[in-house]
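Peer 1: Based on the hints, put chain B in the right spot on chain A.
So the sequences go chain by chain: A and B. Here the numbering used here is used: the first residue of the first sequence is 1, the next is one more, and so on. Here the numbering used here is used: the first residue of the second sequence is 1, the next is one more, and so on.
It is worth saying that the hints were derived from the structure and are not from the lab. Check the hints yourself; a few may be wrong.
To list a few chain A residues with every Cβ distance to chain B over 10 Å, as calculated [to be verified]:
#, residue
1, 51
2, 89
3, 109
4, 171
5, 176
6, 187
7, 201
8, 234
9, 296
10, 315
11, 345
12, 364
13, 367
14, 382
Straight-line alpha carbon distances no greater than 20 Å define the calculated SDA-like cross-link-like pairs of lysine to any residue that follow [said to hold, decoys possible]:
#, chain 1, residue 1, chain 2, residue 2
15, A, 142, A, 198
16, B, 69, A, 39
17, A, 42, B, 107
18, B, 228, B, 77
19, A, 104, B, 134
20, A, 104, B, 159
21, A, 42, B, 69
22, A, 42, B, 61
23, B, 123, B, 167
24, A, 42, B, 103
25, A, 42, B, 159
26, B, 69, A, 37
27, B, 69, B, 59
28, A, 42, B, 41
29, A, 142, A, 123
30, B, 100, A, 37
31, B, 100, B, 41
32, B, 100, B, 155
33, A, 104, B, 160
34, B, 100, A, 45
35, A, 142, A, 101
To spell it out: a stretch of chain B is covered by chain A in this simulated footprint if at least three of its residues, at any positions, have a beta carbon under 8 Å from a beta carbon of chain A; those stretches are [stated by the list, open to error]:
#, region
36, 24-34
37, 49-55
38, 216-223
39, 247-256
40, 323-330
All values reported here derive from a predicted model rather than from experimental measurement. The beta carbon of each residue, even a glycine, is placed where N, CA and C say it ideally should be.
So the chains spell out like this:
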Amino acid sequence: MPRDRTGLRCVLQRRLGTLTAAALLSIAGLSLAHALPYVPAKEEAVLAELSAGTRHADLSARRLARGRVDVAIPLAQFYIEQSRLSGDLRLLGYAEAVLASWVKQSPPNPDVLVLQATLQQSRHEFSASLATLDQALGARPKDPQALLIRATVLRVLGRYAEAGAACEQFSRLVEPRLAALCIQGLRGMRGHLESAYSSLSQLSTQGWLNSEKSWLYSELGEMAVRLGRNEEAERWFQQDLRLAPTDCYVRAAYSDLMLRQGRPKEVLSLLRGQESHEPLLLRIAIAQRQLHDAAVEQSSARLRAAFAAEFQRGEAVHRREQARFLLEVEDQPNLSLAAALENWGVQREPDDVLVLAQAANAAGKPEAAAPAISFVRAQGQSDTRVDAQLFARSASR
Amino acid sequence: MNKVRNLLVLILLLAGPLAQAHIASNGFLTLAVHGSRVSGSIELAIRDGELAVGLDHDGDGRVTWGELKSSEPALQRYVRGHLRLSGEGGQCPLSLGSLKVNDRVDGSYLWLPITGECEAAIKRLSIDYTVLDLEDPSHRALLALTVNGAAQTAVLGGNAKARVLELNDPTTWSAFVEYLRAGIWHIWSGIDHLLFLLSLLLPAVLVRRRNGWDAAPIAAPAFVNIVKVVTAFTLAHSITLSLAAFDVIRLPSRLTESVIAASIVIAALNNVFPRVTEGRWRIAFAFGLLHGFGFASVLAEMGLPQGARLASLVAFNLGVEAGQLAVVLATMPLAYLLRSTDFYRRGVMPWGSSAIACLALFWLFQRAIL
Numbered sequence: 001m002p003r004d005r006t007g008l009r010c011v012l013q014r015r016l017g018t019l020t021a022a023a024l025l026s027i028a029g030l031s032l033a034h035a036l037p038y039v040p041a042k043e044e045a046v047l048a049e050l051s052a053g054t055r056h057a058d059l060s061a062r063r064l065a066r067g068r069v070d071v072a073i074p075l076a077q078f079y080i081e082q083s084r085l086s087g088d089l090r091l092l093g094y095a096e097a098v099l100a101s102w103v104k105q106s107p108p109n110p111d112v113l114v115l116q117a118t119l120q121q122s123r124h125e126f127s128a129s130l131a132t133l134d135q136a137l138g139a140r141p142k143d144p145q146a147l148l149i150r151a152t153v154l155r156v157l158g159r160y161a162e163a164g165a166a167c168e169q170f171s172r173l174v175e176p177r178l179a180a181l182c183i184q185g186l187r188g189m190r191g192h193l194e195s196a197y198s199s200l201s202q203l204s205t206q207g208w209l210n211s212e213k214s215w216l217y218s219e220l221g222e223m224a225v226r227l228g229r230n231e232e233a234e235r236w237f238q239q240d241l242r243l244a245p246t247d248c249y250v251r252a253a254y255s256d257l258m259l260r261q262g263r264p265k266e267v268l269s270l271l272r273g274q275e276s277h278e279p280l281l282l283r284i285a286i287a288q289r290q291l292h293d294a295a296v297e298q299s300s301a302r303l304r305a306a307f308a309a310e311f312q313r314g315e316a317v318h319r320r321e322q323a324r325f326l327l328e329v330e331d332q333p334n335l336s337l338a339a340a341l342e343n344w345g346v347q348r349e350p351d352d353v354l355v356l357a358q359a360a361n362a363a364g365k366p367e368a369a370a371p372a373i374s375f376v377r378a379q380g381q382s383d384t385r386v387d388a389q390l391f392a393r394s395a396s397r
Numbered sequence: 001m002n003k004v005r006n007l008l009v010l011i012l013l014l015a016g017p018l019a020q021a022h023i024a025s026n027g028f029l030t031l032a033v034h035g036s037r038v039s040g041s042i043e044l045a046i047r048d049g050e051l052a053v054g055l056d057h058d059g060d061g062r063v064t065w066g067e068l069k070s071s072e073p074a075l076q077r078y079v080r081g082h083l084r085l086s087g088e089g090g091q092c093p094l095s096l097g098s099l100k101v102n103d104r105v106d107g108s109y110l111w112l113p114i115t116g117e118c119e120a121a122i123k124r125l126s127i128d129y130t131v132l133d134l135e136d137p138s139h140r141a142l143l144a145l146t147v148n149g150a151a152q153t154a155v156l157g158g159n160a161k162a163r164v165l166e167l168n169d170p171t172t173w174s175a176f177v178e179y180l181r182a183g184i185w186h187i188w189s190g191i192d193h194l195l196f197l198l199s200l201l202l203p204a205v206l207v208r209r210r211n212g213w214d215a216a217p218i219a220a221p222a223f224v225n226i227v228k229v230v231t232a233f234t235l236a237h238s239i240t241l242s243l244a245a246f247d248v249i250r251l252p253s254r255l256t257e258s259v260i261a262a263s264i265v266i267a268a269l270n271n272v273f274p275r276v277t278e279g280r281w282r283i284a285f286a287f288g289l290l291h292g293f294g295f296a297s298v299l300a301e302m303g304l305p306q307g308a309r310l311a312s313l314v315a316f317n318l319g320v321e322a323g324q325l326a327v328v329l330a331t332m333p334l335a336y337l338l339r340s341t342d343f344y345r346r347g348v349m350p351w352g353s354s355a356i357a358c359l360a361l362f363w364l365f366q367r368a369i370l
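This is chain A alone, in the form it adopts within the complex (with noise of 0.2 Å):
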């Protein structure tokens, strides 16, 4: 009967998820009326960086790939790099732009596919990714590209079987050293977390490329933060920023770290001109409330913003995003449970599991995380964080 309850409580919640969004773009208009239009005082003011393949005249590069599959696939893949490095979505929209013609094609070429298909995997658009990377293995079965994303997607949707598959396959085709990283980083989600840290910090990075021990560090990362061994999740991330100093990932998941351990300041000085980017920009919002930096209301008021647009674009990257921003600084515990329900049928990565046991902690309706408590248990996922918010629940009476 009380499960029963449980359940209807977390339809409604999804449902008022998408009324607390409206609600928040109400909020989100309000503060965006002080923002006035205005006229800079200099000249020589600089308005905006324009970084490499965004300038106008870039434009004829572009046209040229309309008519050519073999400039439209590298352009693409150069746009949808850089947005990974910087974090920058407007770059997705020109590779998506770059792919246009080339995917209404048919039979359409394999590599437009996966281009496409990791377009929509950076948008979050899941199903319709896995969709197209079928499509894609459909034409070419042996694709290592394809059936690393396919892996990757399915391990944020929590179906870690498939992944596992997918990961097999992909192990086939490859170098032992990125087998290792996509099957031990899906073995830590799947109860065996202790062992494929182990295996995976005992891996030699010998003639590594960079990006591949980015890749390992911040895996290595996130395991010792889910282990609880916070001093060696620092080393990883440190060691990871070293490699790739503007990497949004890393800085945000490094940020997370310190947050939770009480470290605003630093958090501010490692973020230090990163407001421009949502992600970073929630980290340094929940810094400057832990401080009680009075600058908070200005990076709330951007945040909401952004959000709302998200909202009314109909799309929702950030979910995660916003249930935290709601808990960690707007205090409003019952809206941000409402959002991290609705993230968490979405997906569910560790940091979906913890955001929602915290907010339904802090709305004082632990019951309304147990779907996913029970997911993780059945799993045999571990992380400390989120039994240290169950130990928190049940030390509370």
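Peer 2: Just chain B, lined up with the frame of chain A:
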């Protein structure tokens, strides 16, 4: 060689399990309609302006205010070519004002005032938006349109480059229906409110005697009992719901949820070990006040739309009442018919109430202690 190159790309793509990214390309179209005139502004990221017309004249990879300002005519031409407003009488010629800059989360935006003069008062506004349609298919315009103080929003671009907007203020009514539904849904899904009410209503068709329950001899007192309890509950929760919705009073949700569970335990136990046999409406009123805070937390999650706060609150409350009334109408005639049976007096009354009490006790434990 090809394989190595391919894998290089692959690793770069996936070094993090999920690429995190900031917001996609948005333009902001803020318009208001007054009679035959549309006025407002268009905002495009400087980077999108660069893509559209080329702003970086010296090619140093930076766009300065001076460069932007000198591109004003080109930008105005571009906007006129890629944004079309029309009313019933045909296209409304656009005039564009002078450039300003606006700062948003992902950088600086160029800002241009727009005025469109249509032939007749606009009842239906058509908008065609093709900014960057070839250069960036993910570009969208986020439209905020105000007509007589009522705002509506829409997204333009992608597969929906043209939109026709009816201006006879559809927002208020749809919000009303939305909140009405939410009210009904909430009372049906959160069975705690219903169990509380049922616990108070079960004895309404009976009369308390020295050693047990007897059927109420005639319908009238039973009916009056039911009306009193339902009315008291409704009044009480409407009061606190309104107070909480307008932020006059706020209680922590853990407290209200726990007290709501406790209220069910008390109401149900009162059927098993009667203490209050006359005037159960007083219990309904007293605890109804707390149930109102429970409703309010749902409403807080939804938020009340600006400009239609009262209407939405009324709609939500009406939804709650309608949902509650439906349940009363479905159960009470049955209770009335069964009132003289042993099944009702010796079965439903003590054992049904005990079951409700146990369940509510469990909730109380879960909400207050776990």
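Peer 1: All hints are to be evaluated individually against the structure, with a verdict given for each.
Peer 2: Structure-based check of each hint:
Under the 10 Å C-beta cut-off, the non-interface status given to residue 51 of chain A relative to chain B is violated; the minimum distance is some 8 Å. Remark: the non-interface label on residue 89 of chain A conflicts with the geometry, its nearest Cβ contact in chain B lying 4 Å away (cut-off 10 Å). The Cβ of residue 109 of chain A lies farther than 10 Å from every Cβ of chain B, with a closest approach of about 14 Å, so its non-interface assignment holds. Every Cβ of chain B is farther than 10 Å from the Cβ of residue 171 of chain A; the closest lies at roughly 13 Å, confirming the non-interface assignment.
With a minimum CB-CB distance of about 13 Å to chain B, residue 176 of chain A clears the 10 Å threshold, and the non-interface call stands. Interface exclusion of residue 187 of chain A from chain B stands, the closest Cβ pair being 14 Å apart, more than 10 Å. The claim that residue 201 of chain A is not at the interface with chain B holds, since no C-beta of that chain comes within 10 Å of its own (minimum 17 Å). The non-interface label for residue 234 of chain A is consistent with chain B: the shortest C-beta to C-beta separation is roughly 18 Å, beyond 10 Å.
Every C-beta of chain B lies more than 10 Å from that of residue 296 of chain A, the closest at about 15 Å, which supports listing it as non-interface. With a least beta-carbon separation of about 7 Å from chain B, residue 315 of chain A fails to lie farther than 10 Å from that chain, contradicting its non-interface assignment. A cut-off of 10 Å between C-beta atoms confirms that residue 345 of chain A is not in contact with chain B; the least separation is 16 Å. With 10 Å as the threshold on Cβ separation, the claim that residue 364 of chain A sits away from chain B is violated: the shortest Cβ distance comes to roughly 3 Å.
The claim that residue 367 of chain A is not at the interface with chain B is violated, since a C-beta of that chain comes within 10 Å of its own (minimum 6 Å). With a cut of 10 Å on Cβ distances, residue 382 of chain A stays outside the contact zone with chain B, its closest approach being about 18 Å. Only pairs whose Cα atoms come within 20 Å are accepted, and residue 142 of chain A paired with residue 198 of chain A is rejected, the gap being roughly 30 Å. Between residue 69 of chain B and residue 39 of chain A the CA atoms are separated by roughly 10 Å; this keeps the pair inside 20 Å, and the hint holds.
Restraint check for residue 42 of chain A and residue 107 of chain B: the C-alpha separation of about 18 Å stays at or below 20 Å, so the hint holds. Taken as a hint, the residue 228 of chain B and residue 77 of chain B pair is broken in the structure, with Cα atoms around 70 Å apart against an allowance of 20 Å. With a C-alpha separation of about 15 Å, the suggested pairing of residue 104 of chain A with residue 134 of chain B holds against the 20 Å cut-off. Distance hint between residue 104 of chain A and residue 159 of chain B is fulfilled; the C-alpha atoms sit about 15 Å from each other, no more than 20 Å.
Taken as a hint, the residue 42 of chain A and residue 69 of chain B pair is honoured in the structure, with Cα atoms around 11 Å apart against an allowance of 20 Å. For the given pair, residue 42 of chain A sits about 18 Å from residue 61 of chain B by alpha-carbon distance, which is consistent with the 20 Å threshold. Using a Cα cut-off of 20 Å, the hinted pair residue 123 of chain B and residue 167 of chain B holds, with the two alpha carbons roughly 5 Å apart. At roughly 16 Å between alpha-carbon atoms, residue 42 of chain A and residue 103 of chain B fall within 20 Å of each other, so this suggested pair holds.
With a C-alpha separation of about 40 Å, the suggested pairing of residue 42 of chain A with residue 159 of chain B is violated against the 20 Å cut-off. Simply put, residue 69 of chain B and residue 37 of chain A have alpha-carbon atoms about 14 Å apart, close enough for the 20 Å limit, and the pair holds. Of the supplied pair hints, the one linking residue 69 of chain B and residue 59 of chain B holds, its CA atoms being roughly 16 Å apart against a limit of 20 Å. Between residue 42 of chain A and residue 41 of chain B the CA atoms are separated by roughly 23 Å; this puts the pair beyond 20 Å, and the hint is violated.
Restraint check: the Cα-Cα separation between residue 142 of chain A and residue 123 of chain A comes to about 25 Å, which exceeds 20 Å; the hinted pair is violated. For the hint linking residue 100 of chain B to residue 37 of chain A, the alpha-carbon distance of about 6 Å falls within 20 Å, and the restraint holds. Simply put, residue 100 of chain B and residue 41 of chain B have alpha-carbon atoms about 10 Å apart, close enough for the 20 Å limit, and the pair holds. Taking the CA atoms of residue 100 of chain B and residue 155 of chain B, the gap is near 23 Å; set against the 20 Å cutoff, the hint is violated.
Restraint check for residue 104 of chain A and residue 160 of chain B: satisfied, since their Cα atoms lie roughly 19 Å apart, inside the 20 Å limit. For the hint linking residue 100 of chain B to residue 45 of chain A, the alpha-carbon distance of about 13 Å falls within 20 Å, and the restraint holds. A distance of roughly 25 Å separates the Cα atoms of residue 142 of chain A and residue 101 of chain A; the hinted pair therefore is violated under the 20 Å criterion. For the region 24-34 of chain B, the stated coverage by chain A is satisfied: 3 residues place a CB nearer than 8 Å to a CB of that chain, which reaches the threshold of 3.
Note: the region 49-55 of chain B has 6 residues with beta-carbon separation from chain A under 8 Å; the three-residue rule is met and the coverage holds. Residues of the region 216-223 of chain B lying with their CB closer than 8 Å to a CB of chain A number 0, which falls below the three-residue condition for coverage. With 3 residues bearing a CB less than 8 Å from a CB of chain A, the region 247-256 of chain B meets the requirement of three and the coverage assertion stands. For the region 323-330 of chain B, the proposed coverage by chain A is not satisfied: 0 residues have a C-beta within less than 8 Å of a C-beta in that chain, short of the threshold of three.
Hints 1, 2, 10, 12, 13, 15, 18, 25, 28, 29, 32, 35, 38, 40 from the list above are not met by this structure, while the remaining hints are.
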